[in-house]
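Enquirer: Following the hints, complete the assembly by docking chains B and C onto the known chain A.
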Amino acid sequence: MKHRISVLSILIFMLFSSHLSATTREYWVAAEKVDWNYAPAGKNMIKPKMGMSVWGKQLIYKKYRYIGYTDGSYSTRTIQPEWMGILGPQFRAVEGDTFKIHFYNKADKPLSIHPHGMRYDEQNEGADMKGEGAYVLPGKKFTYTWTVDHEAAPGPADPSSIVWVYHSHVDSVTEIYDGLIGSIIVTKKGMERSVDDPRPRDVDVAFTNLYMIFDENGREAIKHTKGKQVHHEIKEHEDEEEGNLMHAINGYVFGNLKGLVAKHGDRVRWHLIGMGTEVDLHTAHWHGKTVLDHGRRTDVVELLPTTMTSVDMLADNPGTWLYHCHVTDHITAGMVTRWTVLPKGK
Amino acid sequence: MKHRISVLSILIFMLFSSHLSATTREYWVAAEKVDWNYAPAGKNMIKPKMGMSVWGKQLIYKKYRYIGYTDGSYSTRTIQPEWMGILGPQFRAVEGDTFKIHFYNKADKPLSIHPHGMRYDEQNEGADMKGEGAYVLPGKKFTYTWTVDHEAAPGPADPSSIVWVYHSHVDSVTEIYDGLIGSIIVTKKGMERSVDDPRPRDVDVAFTNLYMIFDENGREAIKHTKGKQVHHEIKEHEDEEEGNLMHAINGYVFGNLKGLVAKHGDRVRWHLIGMGTEVDLHTAHWHGKTVLDHGRRTDVVELLPTTMTSVDMLADNPGTWLYHCHVTDHITAGMVTRWTVLPKGK
Amino acid sequence: MKHRISVLSILIFMLFSSHLSATTREYWVAAEKVDWNYAPAGKNMIKPKMGMSVWGKQLIYKKYRYIGYTDGSYSTRTIQPEWMGILGPQFRAVEGDTFKIHFYNKADKPLSIHPHGMRYDEQNEGADMKGEGAYVLPGKKFTYTWTVDHEAAPGPADPSSIVWVYHSHVDSVTEIYDGLIGSIIVTKKGMERSVDDPRPRDVDVAFTNLYMIFDENGREAIKHTKGKQVHHEIKEHEDEEEGNLMHAINGYVFGNLKGLVAKHGDRVRWHLIGMGTEVDLHTAHWHGKTVLDHGRRTDVVELLPTTMTSVDMLADNPGTWLYHCHVTDHITAGMVTRWTVLPKGK
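The listed protein sequences correspond, in order, to chains A, B and C. Just so we're aligned: the first sequence equals residues -1 to 344 in my numbering. Just so we're aligned: the second sequence equals residues -1 to 344 in my numbering. Just so we're aligned: the third sequence equals residues -1 to 344 in my numbering.
Hints in this document: simulated from the structure, not taken from any laboratory. You may find that some hints are simply not true.
Below, a list of computed lysine-lysine pairs in the DSSO-like style, where the Cα atoms sit at most 27 Å apart [said to hold, decoys possible]:
1) K41(A) / K128(C)
2) K139(A) / K98(A)
3) K186(C) / K261(C)
4) K45(B) / K55(B)
5) K342(B) / K261(B)
6) K128(C) / K256(A)
7) K139(C) / K98(C)
8) K128(B) / K256(C)
9) K344(C) / K261(C)
10) K98(B) / K47(B)
11) K128(C) / K47(A)
12) K107(A) / K55(B)
13) K138(B) / K45(C)
14) K138(A) / K47(B)
15) K128(C) / K344(A)
16) K41(A) / K256(A)
17) K104(B) / K138(B)
18) K55(A) / K41(A)
19) K47(A) / K138(C)
20) K45(A) / K55(C)
21) K45(B) / K138(A)
22) K45(C) / K139(B)
23) K31(B) / K256(B)
24) K104(B) / K45(C)
25) K128(B) / K41(C)
26) K344(C) / K128(B)
27) K128(C) / K261(A)
28) K256(C) / K45(A)
29) K139(A) / K45(B)
30) K256(B) / K128(A)
31) K45(C) / K31(C)
32) K256(B) / K55(B)
33) K45(B) / K104(A)
34) K104(B) / K128(A)
35) K107(A) / K41(A)
36) K31(A) / K41(A)
37) K107(C) / K47(A)
No experiment lies behind these values; they were computed from the predicted model shown.
With the rest of the complex left out, here is chain A (with noise of 0.2 Å):
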């Protein structure tokens, strides 16, 4: 009996919230094109002596993000957490909730903005040159319209929030590439922590994290940037081209990825998301803690491209521990930063 009441109560909830409390998440979002380090401290900051091999030759290329803006005046930027990196503003609602993207192309090419897990209409689906959403021209300005309906929403072996990735679908393999990838992050209904705070009251932090080998190699954008700093042609040679392989997470290598901390009894969520071609099998490692996944207990989390997925940790251990991709390529390209659990009382 008790698990028909929970349900029936569940039911009822939802019946008479959903009239309450279903919320309209706008967003103002511009796609740029900006300079970027993958490796700002200029160094590998996990094994100094070691340096950064053929991938510290060339650290800053041309890419393209989406920026997070606070109005449609599109004047100041939205702050974002510093582990951020390169993914894009993260759109956050409840179930039930309706999105309203505002999307700026300020580039210099047709983009748009596709979301996984949404639901929507052909006009907004941001994909396969269907509607206006499809292919917004630079200079051009389109409000995207997404429902978070039940099916956007974690399923009932998924944690009380999941993580989804949005990314420009014109020509989406090149555009993943560039960087305009960004995460959009739903809390199962009655679980968010008030009207106003879509985020999950049963976490204390949480972390989104993209491990992709963004191949620079022929790179459109940095055609564009001859006797600049940032300057790249292909090679021939084997390592040059390796050395265009940029090992990263959330857009950084080598310990160049920080501000992944937690406090002391931290209920931590890790929203982690893959992405990339044939190399991009990733398994993502904490040193220090295990997760729960989906009921498993583990402390590798397997992506694949666009794999995504949230796991649970409870943060009790002080430390600064390793973070890293297991596979051991991946390691020795700089696929790899740290962690900290600050101390009790900090």
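Expert: This is chains B and C only, laid out in the frame that chain A set:
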């Protein structure tokens, strides 16, 4: 108490029903040499202006296939839905049933049928050179007997039906690339529509998709076809080799897989199979709708070689949507098609 | 109510039993340089007529291994089952126990033991150059203390015991390929056979298998062995390089892994570990029986580098059956063996 009663009633039901409804399912299958066209439309149906790049230079190859027949005269072929493509006939059963698979090797080399998931003895394994079933000579026949026991049926976390793959296993690697692959669907006891229709009651339409890069380089099947339209020699130029890697879903590339159509409101089950080698990490991705994958909400399902998994979707968002592998090199190589949800009332 | 009572009684049981039965498990382990033969039989045991192709040209390599000893005199080796192959000694504990791992570096370079899953402080992590345990000089000893806490134990969706891997982590990439890898099994509190026997009560026999392609090209270990039988230089010819990629299960190729034998009716647990780099996507596949993988019924389990997973099988189908990676290039390269279910009464 509720749970205990349910388990008891299921057990009682199974004791009675297994004698009443356990069924022998007979299928007649021949292995035959065929010409296979990876893109019958002769063009890129997704982005027509893009063409098919190196993968368009050669579209027809000599393959082997499993062909279904209506009876032991092997005169009338069974009709397959268009979306089944290169796959052999689908064998369907309910937990507790027995398969009798009558195999007729109409091809030019020894072949077999080896099933995943089924219970067999050495005589009926169709592999490892053991028993008659492991090595059926050209022109010969063999009837495989497989038991669909409890451990061939859906597990507690699985949906009401699951997919298994079968393939030839004399020289399994060669024969998988030959095209000698098919699928088996097993429905959980009690979930079948009727004794005569083993399909599950909680599903309206089901599709089975094989994600596999057919490596046509140096294929034996090709060497027998000199002087014909279907003609191929390994070239040293890398593009030639790449162009013979056919990044196919059910044997079709660049939107040539057709017939993935659901009615509005259909409960759709997608049976997914991966196959192949180190390049065959695939991530099946639907636009338009998400799926429930063992309790996990997602729109991307990970497949490694010989992964077999079944996921569920509610097809209530009308439109024609992209459906593709999300590995970037595979998008470029044409591992893409579309699926459709009809408008209400159609 | 039933569930609430169960949870309460488990909690009460744990409060009492943790003081009664929490145990310190001691192991003595040395790192040693050894000659390792990937195919002691000297031939392809699966398809004898096929031979071992390029992988048969060189079978013995200089490796490092973790060797178990019975006590601190390091004079008597512990006996390992034949199927353990190159793996180091298996550390076994119950949730709540503590490990004391006495490590003696008898090799010629600094090494360590870094465990997955366990709780440790920086001194005992065995990695990241932190603390004494991270860098044990040749001829030196260090005792690691690891806590087998709740978050090292099986999760709610896991079976009653799970596997973790341990490996050296001074230069982890090099040392993984050296062969410095072993396993840890943790049994859920209350599921152990007895205080002295931490193995789970609901399992009759367990096997632990490491799927990893040992890349012997340019291995340091080899450079020290000039003039001996074990001798290797990197060649430019691609076949030479390929032939040094040893596609091994527990360090054996082409059916040379032996001892995977179950009695009729045994409840078998297969602990599976992936390891390596981009080529190391593996799909463990059994002929003869299926497994239950976290509630999913299958006969293929996906492994990426450092995946650790445990699946269950009922061994009730007598015979000697193939057991192999289902990635086609890996079948060709010998990542294949056989396992056996004895007839009733044997």
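Enquirer: Run every hint past the structure and note whether it holds.
Expert: Tested hints:
1. Taking the CA atoms of K41(A) and K128(C), the gap is about 20 Å. The hint holds against a cut of 27 Å.
2. For the given pair, K139(A) sits about 13 Å from K98(A) by alpha-carbon distance, which is consistent with the 27 Å threshold.
3. Distance hint between K186(C) and K261(C) is fulfilled; the C-alpha atoms sit about 25 Å from each other, no more than 27 Å.
4. With a CA separation close to 17 Å, the supplied pair K45(B) and K55(B) stays within the 27 Å bound.
5. Distance restraint check for K342(B) and K261(B): the Cα-Cα separation of roughly 8 Å lies within the 27 Å cut-off, and the hinted pair is therefore satisfied.
6. This hinted pair checks out: K128(C) and K256(A) have alpha carbons roughly 19 Å apart, not beyond 27 Å.
7. Taken as a hint, the K139(C) and K98(C) pair is honoured in the structure, with Cα atoms around 13 Å apart against an allowance of 27 Å.
8. Proximity of K128(B) to K256(C) is assessed by CA-CA distance (about 19 Å); at most 27 Å being required, the pair is judged to hold.
9. A threshold of 27 Å between alpha carbons decides the hint, and for K344(C) with K261(C) the separation of about 7 Å falls inside it, so the pair holds.
10. This hinted pair does not check out: K98(B) and K47(B) have alpha carbons roughly 48 Å apart, beyond 27 Å.
11. At roughly 15 Å between alpha-carbon atoms, K128(C) and K47(A) fall within 27 Å of each other, so this suggested pair holds.
12. Taken as a hint, the K107(A) and K55(B) pair is broken in the structure, with Cα atoms around 30 Å apart against an allowance of 27 Å.
13. For the hint linking K138(B) to K45(C), the alpha-carbon distance of about 24 Å falls within 27 Å, and the restraint holds.
14. For the hint pairing K138(A) with K47(B), the CA-to-CA distance comes to about 25 Å; that is within 27 Å, so the pair holds.
15. Between the alpha carbons of K128(C) and K344(A) the distance comes to roughly 22 Å, so the proposed pair stays at or under 27 Å and holds.
16. For a cut-off of 27 Å, the pair hint linking K41(A) to K256(A) stands: about 14 Å separates their Cα positions.
17. Restraint check: the Cα-Cα separation between K104(B) and K138(B) comes to about 8 Å, which is no more than 27 Å; the hinted pair holds.
18. Between K55(A) and K41(A) the CA atoms are separated by roughly 11 Å; this keeps the pair inside 27 Å, and the hint holds.
19. For the suggested pair K47(A) and K138(C), the alpha carbons sit about 24 Å apart, so the restraint of at most 27 Å is met.
20. Between K45(A) and K55(C), the direct Cα distance comes to roughly 37 Å. Violation of the 27 Å bound is thereby established for this hinted pair.
21. Among the hinted pairs, K45(B) with K138(A) is consistent with the structure: their alpha-carbon atoms are about 24 Å apart, no more than 27 Å.
22. Taking the CA atoms of K45(C) and K139(B), the gap is near 24 Å; set against the 27 Å cutoff, the hint holds.
23. Distance check on the hinted pair: K31(B) and K256(B) sit about 23 Å apart at the alpha-carbon level, within 27 Å; holds.
24. Simply put, K104(B) and K45(C) have alpha-carbon atoms about 26 Å apart, close enough for the 27 Å limit, and the pair holds.
25. Between the alpha carbons of K128(B) and K41(C) the distance comes to roughly 20 Å, so the proposed pair stays at or under 27 Å and holds.
26. Between K344(C) and K128(B), the direct Cα distance comes to roughly 22 Å. Compliance with the 27 Å bound is thereby established for this hinted pair.
27. Of the supplied pair hints, the one linking K128(C) and K261(A) holds, its CA atoms being roughly 21 Å apart against a limit of 27 Å.
28. Of the pairs offered as hints, the one joining K256(C) and K45(A) is violated, with about 41 Å between alpha carbons and a cut-off of 27 Å exceeded.
29. This hinted pair checks out: K139(A) and K45(B) have alpha carbons roughly 25 Å apart, not beyond 27 Å.
30. With a C-alpha separation of about 19 Å, the suggested pair K256(B) and K128(A) falls inside the 27 Å cut-off, and the hint holds.
31. The straight-line distance between the Cα atoms of K45(C) and K31(C) is roughly 32 Å, outside the 27 Å bound, and the hint therefore fails.
32. Distance restraint check for K256(B) and K55(B): the Cα-Cα separation of roughly 22 Å lies within the 27 Å cut-off, and the hinted pair is therefore satisfied.
33. Simply put, K45(B) and K104(A) have alpha-carbon atoms about 26 Å apart, close enough for the 27 Å limit, and the pair holds.
34. For a cut-off of 27 Å, the pair hint linking K104(B) to K128(A) is broken: about 47 Å separates their Cα positions.
35. For the hint linking K107(A) to K41(A), the alpha-carbon distance of about 33 Å lies beyond 27 Å, and the restraint is violated.
36. The suggested pairing of K31(A) with K41(A) holds, with an alpha-carbon distance near 25 Å, which does not exceed 27 Å.
37. For the suggested pair K107(C) and K47(A), the alpha carbons sit about 18 Å apart, so the restraint of at most 27 Å is met.
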